[in-house]
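**Student:** In case you want the letters, here they are:
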Amino acid sequence: MAEKEKTEGMLSPYRVLDLTDEKGLMCGKIMGDLGADVIKIERPGGDIARNIGPFYHDEAEPEKSLFWFALNTSKRGITLDIEELAGQEIFQKLVKTADFVIESFPPGYLDKFGLGYSALEKLNPRIIMVSITPFGQNGPYKDYRGPDLVLWAVGGGPCMRSFGDTDRPPFRISYHSQAHLHAGTEAVVGALVALYHRQTSGDGQCVDVSIQDCMNFFPTGDWDLNRRVQARGQSLIPVRVTHIWPCKDGYVMWRYTGGPMALRYSIPLVNWMAEEGMADDWLKSFDWANFSHYTTTQEIIDRIEEQTVRFFMSHTKTEMMAGAIKHRIMLYPISSTVDLLDSPQLAARDFWTEVEHPELGTTITYPGKWANSSDVPPKISRRAPLIGEHNREIYEKELGMSREQVRKLKRTKVI
Amino acid sequence: MGRLPLEGVKVADFCWVWTGPTTTKVLADFGATVVKIESYKRLETWRIQPPFKDDVPGPNRGAIFNSINTSKRSVTINIAHPKGIELAKKFVAWADVVTENYAGGSMERMGLGYEVLRQIKPDIIMLSSALMGQTGPWYNSPGYGDQLTAISGMSQISGWPDRIPGEVGYYTDYVAPRFNALTILAALDYRRRTGKGLYLDIAQHQSSVHFVGPIVLDYVVNKRVAARQGNKDNHAAPHATYPCKGSDRWCAIAVFTDEEWQKFCQVTGQPAWTKDTKFATVQARKENEEELDTLVSAWTINYTDMEVMTRLQTAGVPAGLVATAEDQMEHDPQLKHRHFYWELEHPEIGKYRAPRQPCVLSKTPCEVRRAPLIGEHTEATLKEVLSMSDEQIAELVIEGVLE
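Listed in order, the protein sequences are those of chains A and B.
The letter at position 264 of the first sequence is residue 247 when you use the working numbering, and the numbering goes up by one with no holes.
The letter at position 115 of the second sequence is residue 96 when you use the working numbering, and the numbering goes up by one with no holes.
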């Protein structure tokens, strides 16, 4: 996607300098998709996050990281070594015309190079500095390390302390870090609250994003009010009921419910089963008004579930979802990435975005806009930058350096 | 406290359950005037769901309600009453932002769709946060966060490869509000600059799929379908949660680099096995991971989770205890230092604690005030915001409009 196609977005007038590693990449991605001019600043040779897989055709090269692609859309990219004096001077120049700096270095790192907030504020009092770290800028844990699994643990996420098999350890969601995506997304919230304040006051400020705080989303109120902690895997009901069911090609999520909610849940499903001749007379005339996880016996529940499993096993996830929509049943499939790409809903919402990667001679389908807004929706304006792709554009055209100066910076490995 | 950053932003909030109220809590904690429009006729889910203070049910006693509705005002309006709709529209005329998270199409059916709202207030920003959005074949499909977690691709990659997908609860309920809040904030800035309002038709589903972005690309490009991996990471070992002293106590340990491995070995006192070549490199450790995990567990079980975490982190090895609610609220020195929970005084349940916003702003931090009792601000708000007289309000009460 060429630069000239850059269209108006909600955040079009703003410039973001993105110094983050994998902990904060999501922040700039979202701001870029909202139209901001995000400049990803990488160290010469490229960010380490480019080494994170999966990779295009499994070729583990810095220009082929799909992880990098996904989290750096709508950004331009330059290389700059901010540990070098010459690099610091260039960064300071860039700060003068920027609105946001986002970074995820250990607390105090930028101060060491005279690039902390107190220094940048003098260059540009309107600058908003967003810092994303595992445990925040202060406190006894501020220098502790926090990869995803550790942050899931201290955050006490649902699969860590509530759900799960009691004969297995607490677990996280597999693959790339969810914690970093939470923090990067939340950081945009903080950045934009600071922007709102700046519009009235003229002042920038610091936004301190602790990933631990972001991961601490699971309710704690029962402890707070009643000093009660639910044991891991503990069921709150006296019977065994199935929630995740097998079907022909995977799993669906479904729960039988009685009382008034049975109208929404149980009755339409049994009617559908009956239509296909897969509910016996007993089930067809079952008294759902009095069904309850507290009073209905295990024997009866098992009898209902036996027929249900047979029915589910005769249908695919796609068929189950189509039937759930048709019969208005609150049942959902457990989707794989294949199912997501096949989803008629996501297609109808124009969610998927084709992004050109000319260097790879291909086009890749990306998750696109999260909001179908009436005007200026979020939009991927360009693929992730190559290493130093916009060095000339920024250093020569914008900062007015000569070709020779840029060559020299390159030779001395500043850029 | 100084001026809060979003002071002056006016929100007519029709949200309920989790995703919507969590979104508007962001705006309220940062100082927006959020009027939660609810009804005795159809009580908001978390006003009737346990846990309650002392297990005594009551619309003002819910733990979750009081945690995710901080800093808001409550106004009760019976929307089913014709005059109720008229009153709701007056709040729309007052508001900068209208928020709702019913199933797709519901607001339109109630006569409060975007087109209607725009007639009342041309530059209104409206957030609709339905599960599936307002269009498409599944638009009006209702559901909860656990179901959205299933269909958004997270359940499939949660849990153990040899078992059915593991539950991660209402996971997307913690993802979607962040996208909602940031998009409203972006829209507020857009409106300030252009004078234009916006309709934000956000599908919680679409926001959530962004959290599986990299594995979506892996399928698109490499046709690899992501499957559950337990706690495994391709580039780290040890990388799991390990049992510690006590009942169901665990500590996560994640060793990525050789340097971290060396430090890990030092902390464990360098028993013979740590020198075994089969654990010398990360590749070797990955190949012998099952045996490694057994040996690590045999070490961790001798210590409390806090001891394991502190000893390893002090040495520079990533580790974190698996926190319960009690750990977080009473024992976590970091959360305490950073004043994560605010102690609030509530007229019915007494002292309780609610979380602040995760982002700490140096000049304009959020301020968490207790959640409202049902209808607590109805009369005052009708007077202040809509300039209604006592007589007019009395009439609405008699006609059942404010139930």
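In short, the hints are calculated from the structure, not lab data.
Some hints here could point you the wrong way.
[Stated by the list, open to error] When the alpha-carbon atoms are kept at most 20 Å apart in a straight line, the in silico DMTMM-like pairs for lysine to aspartate or glutamate are as follows:
1) Lys47(A) <-> Glu372(A)
2) Lys213(B) <-> Asp148(A)
3) Lys344(B) <-> Asp358(A)
4) Lys231(A) <-> Asp143(B)
5) Lys364(B) <-> Glu67(B)
6) Lys71(B) <-> Asp36(B)
7) Lys204(B) <-> Asp41(A)
8) Lys71(B) <-> Glu271(B)
9) Lys102(B) <-> Asp358(A)
This structure is a prediction, so every number in the text was calculated from the model and none was measured.
**Student:** Checked against the structure, which of the hints given earlier come out wrong?
**Tutor:** 3, 6, 8
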